[in-house]
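K.L.:
Given next are the chains, with one letter for each unit.
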Amino acid sequence: MNGEIEMNVHKKTKHIETVRAADADTIAHLSEKELFEYAEFRAQDAERTGYSQYSYWKSVWHNFFRKKAAVVMLCVFALLFVFTFIAAMIGKYNVHSLRIDNALAFTSPDSQFWFGTDNLGRDYWSQVWYATRTSIILAVSVSFGQIFLGVIIGLVWGYVRKLDRFFTELYNLIDNIPTIIYMTLIALMVGKSYMIIALGIIAFGWLATARNVRNLVFMYRDREYNLASRCLGTGLWRILTKNILPYLVSVIILRLALAIPSTIAYETTLAYLGLMDISTPSLGILLRNARSFFLDYPYLLIIPASIVSVITITFYLAGNALSDACDPRNHV
Amino acid sequence: MTKYTIKRLLQSVFTVLLVVTIVFLLLRLMPTDYFFTEDELIKLSDAQKQDRLLAAGLLDHPLVQLGRFYTKLFTKLDLGLSRRVQTNKPVVDLIASKFAISMRLGLFALGISLVIGVIFGVLQARNKDGILDHIGTAYTVFVNAVPSLVSYSLILVFGARLLGLPSLYSVRKPGPSAVLPIICLSIGSIAGYMLWTRRYMVDELNKDYIRLAKLKGLSTRSVMFRHVLRNAFVPLAQYLPYSILLTVGGSLLVERFFSVPGMGPLLTDAINRYDTNVVQGIVMLYASLGIVGVFLGDILMTLIDPRIRLINKGETR
Amino acid sequence: MKKLLTLALALCMLLSIVGGGAAADELKELHTYEVGATREVESWNVQLSQMAVDSNVTTNLIDGLLTNDPKGALIGAAAKEWSSEDGGQTWTFILNDGMTWVDYEGNIKADVKAEDWLYGLEWVLNFAKNDSANTSMPIEMIKGAGEYYDYTKALTESEGAEVVKALGLEKFLELVGVSAPDDKTLIYTCTDKLSYFPTLATYNGLYPVSGKLIEEIGVDGYRAVSWDTMWYSGPYTVTSYIHTNEKVLTPNPHYYAADTTKRFDSVTIKIVDSTDVAFSLFQTGELDHVTLSQSNLNTIYGNPSNEWYPYLTETRPTKFSYQIHFSYDKKLASGEPDVNWNTAIANEAFRLSWYYGLDAVPYLKRQNAINPLSGTNYVYTGNNVSVNSEGVDYTQLVRDEIGLQYSNEEYARTDPEKAAEYKAQAIEELTALGVTFPVYVDYWFQGSNQTAKDTADVLTQMFSDTLGDDYVVLRQNTYVTSITQEVRNPQLASFLINGWGADFGDPINFLGQETYGEDNAYYSQVISNINKATDETLIATYKEFTRLVNEAKAITDDQDARLNAFAKAEAYMLQHVLVLPWSYETVWQLTAINDYSKIYSAYGIQNYRYVNWETNSDIYTTEDYAELKAK
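Protein chains in written order, with my numbering: chain A, 5 to 336; chain B, 12 to 328; chain C, -2 to 628.
Just chain A, with the same shape it has in the complex (with noise of 0.2 Å):
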């Protein structure tokens, strides 16, 4: 904070000697009534003490695009995205229209099958892009849905004393029975399809976020700041979002960042242990798949692997290159 008060001082006299330099001609012959009036005195206005053109997201757009390997990341995933709409159009199969085929199966990747097929002779390309697709947007939307959920309750955990308690408890209860069971519970009583097992992984995802966030208010909420703000009468929704939040941004980002692979690997391990719906495909079901081939066809393995890797990477980098960018302490 100290840095960007002397900042501001700075730019303040610099103007001020600017428009004396260009004046200095006109305004030496003129009265002191003329050159001065009495100022109106605004409440506002008085506030405004140190206001500069410093804009919190400016500055994190800034600093972030300064990281080129992130920028590139982010590019790269975006395009990784974006390609398995135009991988369906070009590839040579429709996903929904495969046909068995006994004598193609496990056929390495060729001209006509560019990712080879699998063990019952369908064309595993556009499998391969179907399942990133799907994966994408369940680990983007679980992820969003997580962090969102948590950063909420974390808010409120944090600021509001009274809740401490109920939080605290709560959080105990839920973090100390096993996930398995509630997943395990899930399935078996709602369902396994894909809404459903998002929503589970939402519903328990949001702790770590939300114990993280709430750790950090506290940290914050009582720093002379924002007693001072508060003394000057700010309300709480300003007082979290303004003053609170910014420092809360990087630390979402990261975790938004990590949750995205992870949930890819924790729906690898769901489809493992039969607690998900096989009829859409995804990366987690493709690598569960391949685990029992990939000695004698490495192939059907090493693709979706690497893709997730990819997802994962990029995630990685430019999530923590966007949370450093993020965090108003870098902000000088």
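Simulated from the structure, these hints should not be mistaken for lab results.
Values in this document were obtained by computation on a predicted structure and should not be read as measured data.
Certain hints may be false.
Stated by the list, open to error - Label-pair restraints from in silico Cβ distances:
hint, chain 1, residue 1, chain 2, residue 2, range
1, A, F89, C, R313, 48 to 54 Å
2, B, Y15, A, L83, 53 to 59 Å
3, B, I310, C, A158, 45 to 51 Å
4, A, R103, B, N138, 52 to 58 Å
Where a beta carbon is used, it is the ideal one built from N, C-alpha and C, also for glycine.
Add chains B and C to chain A, keeping to what the hints say.
P.N.:
Here is chains B and C on its own, set in the frame of chain A:
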């Protein structure tokens, strides 16, 4: 301190009981048809099914069942019998026969990953932005990038095919057969310890007291180990007891892959077989260990770092 | 590291030389496996358990009265003779001499006596002791068994379980038609003249337990009996058991038939996570046989220079006879009857178009890509269930009736011309009844099971290729865990592919499941729902079939006439396509065990007895196996 400890322990007991109660009631939400195997569903008449549910006490109101469960638990310390995992064996015996195996493997893996992870983390922090740092980061990214199902499969196959290591865990000759499971258990946690050690070390290195220490002319080595590592270790230490205790739980995937007869797959097996007593027992164990682990972590932290005090701070979790 | 690697490689090579270089003689120790922790023993109590995973082990540990030979014929085990003087109403079993119960360390605990079978059956029928497991067949066949079960049940309700658990043999002997006049003689009285009653003696409902053991460890102790508390009388004892990891069986040192029974020095059963792990264990010589996954088989078969290529062998079909069971009262997810389907399937031309149209080969290729036709099944009853006096298998009689024979060249049932004819006829007749085409066929499989999903895909394509999208369209649906709970009870499936393994050796065990208006006809109750159907013609057909079955069932004095009558009834059922015979399971394997020397029975729990197996310390080659099969 004593007062605080007692208060906290009481709270923990309360939380554990609450957890068990919730799981108990959740399990009663499952339709009773899961009580039977497909085979039994075929062979038993409806009347016979009712008879068996009645005999198992499943037709009573869930709260009545809960009452019975707690009465047995508090009066006889009895968690009931396993229904199908190992038919009619007491749950306590069942868990007792399994947890040691998981724990042994888990402790080995934990020790290995702690040593390797912390050493590499320190090296990374010392050579920040150097080649070692990048290698370490690459490893972390790689481990996170490849789903564990895939990396375990790779370890299993290459360990077994190329190095000739046993691909099945053998209780009678655990030596070589434990190698691959331990590797699988370690790769992830090594990355974790590396990441956090590096992060905490780098944070510490930027602090003023370190600059002062350097200005005073202390050698890098002594700064690193006497000051930086010690301070960086505090947040790591907090989770250590938790991690140690949770080795009891084993790993679902690793233990399934290598047929390790440990705790890992027990929970899912028990749920799938409607073996409610076993599920309750395991959950109770996990919850207690988790809570005790966190508590011990907090205490350990106060021991390592005298500045930290627990009293009157409320929940430190 | 390099050194270690070299060392390991050298060691491997050495091992493979030692393993493969020895002269071809028999295996001393058997190493076998089960895939998945769900294949672990759940209960060691042979009376209580109903699961194959349990009896596959316990059948080696305790001897029942009778067992089977590799051809499926009954041979003596604990009983040396068995006979009936009155045409099958009462059966007398004479036990062997010198049989003993031993504990897992091989210490002799007691003699095996005829009364042990009384204790065994009392346990099975006692409501409080046995949780109603394994009761159905004894109640059906043994006189007074049902009454004793009802008695104990009523007593449990009035007096509490503890009183019933304390019951001895008095009331049991009073009510139930079984007695042990001396230590070596056992007499059962049946509910009717049952020529096939001895086949029930291979089943765990009729296994013994020593009264002294129950006395020693108590009723609750025996309910929870484990490998280290149970008593053994069979060819093996368990010497080491690690849950979900490994079981080791070694020969029972006091086995009465030690001289005449060939046993392994040890049998190790490992639990592995997948067939791939099994395959890699097989390659390192840690297993003596392995069934091949699709990709393993594809790799080996696709490359004649593969080291395992010459050793590919086919397993014998398992005992389950798979059928397509139609549902005649199918419902929609909303609970409303699926009128379109119900009307269509009640039409005989519609069913016949399936009979002649559906070519099962793509389906059979799923399990057996090399030789799919060895899984062909044209009849309802399973192989080896019953044999007539000339040694002709019952299913052969049925095949003669319907005029279809198995062949290695073609799938004989399909006839595209007839299929097209019946299709046209069905469309015409059904359109008049207001059926809209295509008729949607709801097929269900477990949502998490990839193999099932692949099979569903194959079926979908098969329906589309052979019957045409304008006619029927297969709709895939998934259930979560329990097919009974989620699909059968709400009657959501158009058809289910289900395998039936016999409980005892008579066609009635199969045909009796499909009859009309009978309570114990299992398939009629839970899958075909025929009793709820409304179509008059269909019901008439079913009634005629039921009449034929009951006519055959009534013939108790002439086994050949009985089988012929059953064959007629079955042929009637197949010609009207009340069910559609579908497949047998055969897979490919690499093995050092001669499958043709194993016990091979359609019923009972004897198939996993590790006795009198022929093995080869080398892996059998494809030619070896062809020879063995021919024998």
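K.L.:
Each hint: holds or not?
P.N.:
Verification of the hints:
{"no.": "1", "hint": "F89/A x R313/C: 48 to 54 Å", "verdict": "50 Å, holds"}
{"no.": "2", "hint": "Y15/B x L83/A: 53 to 59 Å", "verdict": "56 Å, holds"}
{"no.": "3", "hint": "I310/B x A158/C: 45 to 51 Å", "verdict": "48 Å, holds"}
{"no.": "4", "hint": "R103/A x N138/B: 52 to 58 Å", "verdict": "56 Å, holds"}
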